[in-house]
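Participant: Modelling step: build the complete structure from the supplied sequences, incorporating the hints.
Per the numbering used here, the sequence shown starts with residue 119, numbered consecutively.
Hints are computed from structural coordinates only; laboratory data are not their basis.
Positions of the beta carbon are idealized from the N, C-alpha and C atoms, including for glycine.
25 Å max Cα-Cα, derived DSS-like pairs, lysine-lysine:
1) Lys554 x Lys498
2) Lys244 x Lys159
3) Lys461 x Lys489
4) Lys261 x Lys302
5) Lys302 x Lys607
6) Lys498 x Lys296
7) Lys159 x Lys532
8) Lys244 x Lys288
9) Lys288 x Lys261
Between beta-carbon pairs, the in silico distance windows are:
10) Ile309 x Ala496: 49 to 57 Å
11) Asp290 x Gln590: 51 to 59 Å
12) Arg539 x Thr129: 37 to 45 Å
13) Lys261 x Thr473: 43 to 51 Å
14) Asp178 x Ala496: 32 to 40 Å
15) Arg539 x Asn475: 17 to 25 Å
16) Asp290 x Ser471: 46 to 54 Å
17) Gly462 x Ser541: 16 to 24 Å
18) Thr506 x Asp178: 32 to 40 Å
19) Asn246 x Glu483: 42 to 50 Å
20) Ser245 x Asp290: 21 to 29 Å
21) Glu170 x Ala142: 13 to 21 Å
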Amino acid sequence: LCDLTFQYAGTSDRRSTVTFDGKAVGTLDFKQTDSWTDYQKETIQVDCPAGEITVRVTADTSNGGPNLDYMNVASVGPPSTSPPTFAPGPTIPTPTPTSRPTPSGDNGVLYEAEDSTNISADSEAKSNNLGYTGTGYVDMGNKNAYVEISNVDGGVGGRCTFTFRYSARKNDRPCEIKMNGEYKGTVNFPITGTEWTDYSTDSLELDCVPGLNSVLVTATTDGGGPNLDNLVVSSVSGTGAPFAAPIAAPTNTPVSSSPTPEPTSISTSPPVSSAPASAPTLAPVGEPTISTSPPTSAPVSSAPTPTPTHVPTSAPTIAPTSSPTNAAPTGGSDPVQVANILKGSTISVEYRSGTINHCSELIDEKTNLCKINRLNFAEKNQAGFIATPSTPRKSIIKKLRIYTNAQNRDFDPKQYVISGRNSESDPWTEIAAFDKVLTRRRNKHANIAIVSTFESGDSARNYDEVIVDNDQAFWQYKLIFPMTFRNSKTYLEMAEVELPGYLV
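Facilitator: As structure tokens, this is what we get:
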């Protein structure tokens with residue numbers, strides 16, 4: 119099983135068919151990009167046959183196909199017979215994915231730069247210069263080359279040291295560092311020796327953000343960045359919460375055949391004082407963090423409330439001081455627990471030219487794309503939609519669930535404001551506002567059914583979930599997304615939006 123990723127540009131949709139040795143294996147939408155100089159990526163997952171094959175991309179529209187830049191082929195799963203071999207050309211190694219970060223020394227956690235869950239551009243995973251840890255390193259040999267390390271655990275916050283292991287021959291290789299898109303500083307990556315097998319470390323101290331984060335390393339000189347081996351994140355003594363339990367630090371030797379030790383499980387309930395009162399609880403993809411009791415009319419017991427059971431994850435769940443609850447609302451008549459309060463609503467957008475119905479795909483229970491032009495709003499930071507239900511029944515939202523778009527995370531929402539009201543003449547009441555970087559994993563194929571429940575999203579699809587601390591009932595909802603992952607982008611894109619909660 120392989121991922122074929124195409125980089126392209128096109129000022130209109132340029133749907134095309136992909137064939138292997140003359141046999142059709144799928145289609146690519148090649149959605150419109152902002153301009154002919156604005157390149158995007160689209161991926162199709164196919165079963166790769168053994169041996170050399172000819173891949174043909176044929177335009178299906180009268181406008182022709184896109185400007186096609188390159189194709190990247192990566193193995194993502196076991197093939198039906200033997201691993202595929204590709205035609206001679208530039209080698210793009212596919213390192214074995216690491217499902218969890220590796221504990222490393224004193225309370226630090228090690229993240230391999232070459233891990234296949236990371237994102238990179240103008241960079242290449244390699245293993246020819248020995249001395250690395252893991253399965254290799256990332257060669258950042260071009261100007262503006264970058265590596266984005268995903269799912270970096272920030273514990274419960276506090277001061278942290280980010281230590282990068284790297285190799286730099288002949289020249290210094292300075293890079294800027296961003297966390298969740300925000301500039302944090304520059305690491306100089308000074309020369310390590312006369313050979314690319316000479317490794318060293320360089321560090322940056324900054325404030326850890328609770329939960330899971332993305333760390334972006336971008337080369338700033340014509341010579342590009344270093345050969346980046348790994349990143350170790352550790353708390354500065356006395357300022358942060360523990361990370362995974364320590365093991366022996368990585369050695370400066372070639373990769374061995376020993377398996378990566380599993381991190382020791384840690385408590386998912388940090389100290390109460392470590393998070394602000396209004397902070398939402400962030401749940402990793404596909405794993406609900408709170409065991410939710412269904413609505414009940416039973417009398418309230420005088421016994422102490424038991425501690426909610428948490429599903430163990432590879433990273434701690436950050437709990438706010440005033441813990442959000444997903445218990446059924448009390449009072450009223452027969453509240454009904456639902457996977458999506460928005461189901462059956464009319465979706466509309468408030469463009470500067472007027473309000474129109476748009477993006478019904480957001481609640482069609484499928485992975486179809488909703489694409490909203492942010493420039494059509496009075497201000498880009500007002501981009502979003504209004505959901506008007508078909509019945510007068512009110513509801514109480516308890517979560518927000520976003521299923522990712524098919525293309526890339528540049529168009530993902532990054533900031534969220536949820537508001538509600540009980541009639542169209544009422545002012546909007548803000549329910550929750552927060553930041554959240556969505557998973558890099560994409561829902562690559564359109565029109566695939568999404569089957570979710572109140573407790574959990576569809577584990578076969580890619581989504582993120584935030585628990586909303588709310589007990590107020592509303593009839594109509596407004597969701598605004600003030601920023602996207604790359605905020606310069608014109609479009610906001612999502613596959614599905616769910617508001618799990620109660621009809622009351």
